[in-house]
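Enquirer: Model the full structure from these sequences, guided by the hints.
Residue numbers (this note's numbering), protein chains in the order written: chain A, 1 to 515; chain B, 1 to 324.
A portion of the hints provided could be inaccurate.
Said to hold, decoys possible - Selected chain A positions facing chain B (in silico; Cβ < 7 angstroms):
(1) Arg14
(2) Gln113
(3) Thr117
(4) Arg124
(5) His253
(6) Pro292
(7) Ala296
(8) Ala300
I should point out that these hints are in silico values taken from the structure, not numbers from a laboratory. Note that the Cβ used here is the ideal one computed from N, Cα and C, for glycine as well.
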Amino acid sequence: MFYDEHIDAQGCIRSHYQPVQEWFDRLTPAHLSALEQQRNESFRRQGITFTVYGNSEGTERTWPMDLYPQIIDATEWATIERGLCQRVTALNHFLDDIYSGTQAIIADGIIPQRLITSCTGFEREAMNVSVPLGARCVVAGIDLVRGADGGYQVLEDNLRNPSGISYVIENRAAMTKLMPAAFANLAVRSVNHYGRSLLRALRSIAPPACGDDPTIVVLTPGVFNSAYFEHAFLARSMGVELVEGRDLVVDNHVVAMRTTRGLERVDVIYRRIDDAFLDPVVFNPHSTLGVPGLMAAARAGTVTLANSVGNGVGDDKAVYAYVPNMIRYYLNEQPIIPNATTYLLWEHDQRTEVLNRLDELVIKPVAESGGYGIVIGPKASDAELHTARQNILKDPRNWIAQEVVNLSRLPAWDGDEFAPRHIDLRPFVLCGEQTEVIPGGLTRVAMRPGSLIVNSSQGGGSKDTWVLGTNQPNQPATAPEASPATTPAASPATAPEASPATPANSPSGPANRLS
Amino acid sequence: MKLDICYRTIFRFDSPVRESQNEMRACPVTNQRQQLLSYRISLEPSARTLSFTDYWGTRVDQFGVTDSHQSLQVTAEASVETQDPIPLTANPPLEALLEPQFRDSHEEYLHPTPHTNYDSALAQEAQTLASDAKDVRSTVEAVWEFAGSRLSYQPNSTKIGDCITEIAAKKAGVCQDFAHLGVALCRSLGIPARYVSGYLFSSNDRTGSVSGDFVRVQTHAWFEAAIPGAGWLPLDPTNQLTVGHQHVKIGHGRDYDDVPPLRGVYSGPATPEVEASVEIRRMDPAKFPTTALQPSLLREVMKPRNRHNHTQSHNQQQQQQQQQ
Chain A
1 MFYDEHIDAQ
11 GCIRSHYQPV
21 QEWFDRLTPA
31 HLSALEQQRN
41 ESFRRQGITF
51 TVYGNSEGTE
61 RTWPMDLYPQ
71 IIDATEWATI
81 ERGLCQRVTA
91 LNHFLDDIYS
101 GTQAIIADGI
111 IPQRLITSCT
121 GFEREAMNVS
131 VPLGARCVVA
141 GIDLVRGADG
151 GYQVLEDNLR
161 NPSGISYVIE
171 NRAAMTKLMP
181 AAFANLAVRS
191 VNHYGRSLLR
201 ALRSIAPPAC
211 GDDPTIVVLT
221 PGVFNSAYFE
231 HAFLARSMGV
241 ELVEGRDLVV
251 DNHVVAMRTT
261 RGLERVDVIY
271 RRIDDAFLDP
281 VVFNPHSTLG
291 VPGLMAAARA
301 GTVTLANSVG
311 NGVGDDKAVY
321 AYVPNMIRYY
331 LNEQPIIPNA
341 TTYLLWEHDQ
351 RTEVLNRLDE
361 LVIKPVAESG
371 GYGIVIGPKA
381 SDAELHTARQ
391 NILKDPRNWI
401 AQEVVNLSRL
411 PAWDGDEFAP
421 RHIDLRPFVL
431 CGEQTEVIPG
441 GLTRVAMRPG
451 SLIVNSSQGG
461 GSKDTWVLGT
471 NQPNQPATAP
481 EASPATTPAA
491 SPATAPEASP
501 ATPANSPSGP
511 ANRLS
Chain B
1 MKLDICYRTI
11 FRFDSPVRES
21 QNEMRACPVT
31 NQRQQLLSYR
41 ISLEPSARTL
51 SFTDYWGTRV
61 DQFGVTDSHQ
71 SLQVTAEASV
81 ETQDPIPLTA
91 NPPLEALLEP
101 QFRDSHEEYL
111 HPTPHTNYDS
121 ALAQEAQTLA
131 SDAKDVRSTV
141 EAVWEFAGSR
151 LSYQPNSTKI
161 GDCITEIAAK
171 KAGVCQDFAH
181 LGVALCRSLG
191 IPARYVSGYL
201 FSSNDRTGSV
211 SGDFVRVQTH
221 AWFEAAIPGA
231 GWLPLDPTNQ
241 LTVGHQHVKI
251 GHGRDYDDVP
261 PLRGVYSGPA
271 TPEVEASVEI
281 RRMDPAKFPT
291 TALQPSLLRE
301 VMKPRNRHNH
311 TQSHNQQQQQ
321 QQQQ
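Expert: Here it is in structure tokens:
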């Protein structure tokens with residue numbers, strides 16, 4: 001059984017999808033393939049690509065975006081937004097408790113100590129490196145799915161270097177260019193302010209001593225990284241420098257950037273290099289990507305790294321199982337969005353149950369991301385199940401099991417027709433002085449019929465995600481139809497925002513201070 | 001025993017280098033058995049140090065030399081007062097190792113690490129030697145004796161980074177290897193164990209003997225095993241000494257990599273020549289008798305790494321790190 005995103009139990013189009021459905025109903029297959037062609041050319045021209053490692057056909061691919069958007073109505077989004085703010089706030093409390101605090105959550109018996117000490121993402125080198133506002137996770141990507149009952153669940157947290165936001169913004173730009181009329185009469189909330197919001201969050205965690213105008217940079221591993229496009233995109237949209245490790249130098253525990261004008265002090269680094277490569281003095285000694293002495297500078301408090309080092313302890317999939325308890329412990333609240341049902345395989349009874357039902361469950365390695373290493377029991381061969389069993393018995397801490405979540409479905413264009421495909425959603429949460437959720441997020445879609453694998457690294461596609469404003473415009477005057485339809489070169493993305501009912505550029509949702 | 005320790009390392013490069021960044025772990029810890037009286041670091045060329053206590057409780061001094069230099073001299077001077085440890089009286093049965101709370105709080109000391117990555121053959125040896133032991137103490141002591149006799153003491157016979165099974169096969173090593181072997185054997189038997197870095201006031205690591213009031217040696221290493229309900233039992237397998245007033249502890253970790261005396265990187269094509277020494281002077285000689293003096297030589301400290309001798313393809317691979 002699946003939840004259908006756009007058709008209700010009576011077989012009617014859900015009301016928030018009706019205007020878009022009507023728009024698509026007017027298109028012929030020829031129209032659609034023309035739009036697809038336009039889309040591909042536009043992405044190719046702009047170099048909007050992603051990289052698949054280990055593929056012999058060439059690693060760069062044009063970004064796959066399906067034309068049919070996911071639409072979330074205002075009421076539903078309000079709940080998601082509150083749930084995500086709550087979750088990421090609790091996770092930041094947790095990370096700060098582990099690295100800068102007293103580890104009270106262990107002392108109080110909420111989580112066992114060995115859960116932390118056995119975690120590969122627990123970075124002992126980050127111990128007692130403090131972060132302004134306790135904002136250890138400035139950018140979080142939380143993967144949500146909708147189960148058969150229609151309720152949202154958190155499938156996993158991404159607190160290290162979640163990527164994908166650039167595609168959210170590029171998907172929207174492409175959609176507004178390709179089909180401006182489809183946005184008519186819908187106050188779709190903007191995502192274009194992401195760069196400004198990220199900049200504001202990064203500025204808010206600058207070392208207090210650096211004054212009112214901190215220098216911020218984006219640190220990338222380099223052009224061979226799969227997310228290099230995004231690193232460049234973010235630097236550009238924030239108006240800050242994009243640097244590689246060799247562009248930075250640490251002198252007297254202060255980080256400086258080599259520029260044509262000489263060395264310039266750096267105050268905040270939005271780093272998109274994994275912990276292990278960040279500083280060859282304390283991590284992988286063979287790293288040529290990092291900056292020697294960077295951790296000492298962070299420890300001295302002259303520079304803030306975002307996201308903080310060691311956040312892997314918060315998105316380990318065994319730790320994930322404890323997040324609902326973290327929410328109760330740190331915030332004294334009930335979780336708004338539940339976890340998917342998860343089994344910890346180092347617990348004897350849970351392991352026994354899982355090994356008896358291996359062919360019904362999803363088995364995941366605790367520290368991987370991007371869908372790597374996952375075994376889906378109902379679809380796995382006997383040999384794959386045997387291997388999974390051996391792996392679990394060999395190192396139970398390294399695996400979790402989850403009930404299969406039958407991801408909800410939404411139409412996607414398969415070249416001939418719109419057919420239902422499974423989707424999930426990765427919203428992005430920013431934490432600095434305020435906690436803010438960017439409306440929508442990256443909708444990922446499994447392009448093969450029946451498939452539950454949505455990762456773009458594994459052949460999945462994406463969709464634009466439309467969050468509707470609380471007050472839908474009913475005056476035709478607010479519809480963007482007139483101008484964008486006739487002048488597609490203009491930027492219709494801003495048109496729906498003309499409505500005063502949708503304050504797109506102000507932070508929405510509860511503003512939570514972190515400490 | 002009151003000891004003054006001077007730990008000095010000199011790096012000499014055959015051409016100028018720059019942007020050197022280093023961490024030193026050379027400061028004696030203060031614990032029940034020893035008290036640090038004073039500690040001072042001097043650097044040549046001079047540099048500002050950032051001092052902090054790491055996850056394991058060890059003092060770290062971090063410093064960088066940005067400008068071009070052709071030598072770097074690091075000197076740590078410590079004054080410390082040591083005592084023999086209070087003997088552990090508890091002698092729990094082997095079942096005590098399985099107690100959930102004990103395992104929970106010692107989890108990180110139970111697993112193989114890069115330097116203690118024992119194989120099944122070594123685990124089998126440990127099983128055999130522990131077969132007669134009826135309790136945790138006698139098991140640990142059997143490991144201690146075995147680790148001491150399993151290897152012969154041969155300066156320069158191994159490199160930092162050699163794995164414990166290679167070393168066990170060679171049957172030769174220096175104090176780090178004896179300590180790693182003790183740690184690996186304990187862990188293979190389910191006993192939490194940790195590697196200890198420190199100084200030994202002795203003219204001969206192998207015998208622990210000392211003559212006179214002054215020795216010139218290298219840093220030393222031993223191990224500690226966790227005894228349920230009692231605490232950590234320190235043992236020196238290199239010379240079969242129980243750890244006493246001759247031993248000065250710097251710190252501990254899962255293996256050498258958690259407490260290296262010096263580690264760092266620099267930029268430049270040069271290769272370093274390293275000269276490291278430890279000088280220890282006893283400041284209260286009247287209180288302790290002396291034994292025969294013998295010469296000793298130990299492995300030098302780890303050389304800093306040159307970060308510019310990697311290939312481009314290596315760099316590309318690193319750039320393709322995992323993204324979430």
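Enquirer: Can you verify the interface hint for A/Thr117: is its Cβ closer than 7 angstroms to any Cβ in chain B?
Expert: Holds, because the Cβ-Cβ distance from A/Thr117 to chain B comes to roughly 4 angstroms (cut-off 7 angstroms).
Enquirer: Holds or violated: is the Cβ of A/His253 closer than 7 angstroms to a Cβ in chain B?
Expert: holds, 5 angstroms
Enquirer: Should the hint that A/Pro292 touches chain B count as held when the rule is a Cβ pair under 7 angstroms?
Expert: holds, 4 angstroms
Enquirer: Let's test the interface hint: is any C-beta of chain B closer than 7 angstroms to that of A/Ala296?
Expert: holds, 4 angstroms
Enquirer: Mind checking the CB of A/Arg124 against every CB in chain B and telling me if the closest is under 7 angstroms?
Expert: holds, 4 angstroms
Enquirer: Does the nearest C-beta of chain B fall within a distance shorter than 7 angstroms of the C-beta of A/Ala300?
Expert: holds, 5 angstroms
Enquirer: Answer holds if the nearest beta-carbon of chain B is closer than 7 angstroms to that of A/Gln113; otherwise answer violated.
Expert: holds, 5 angstroms
Enquirer: Is the interface hint satisfied for A/Arg14? The criterion is a beta-carbon contact with chain B at less than 7 angstroms.
Expert: violated, 31 angstroms
Violated hints amount to a single one, hint 1; each of the other numbered hints is respected by the structure.
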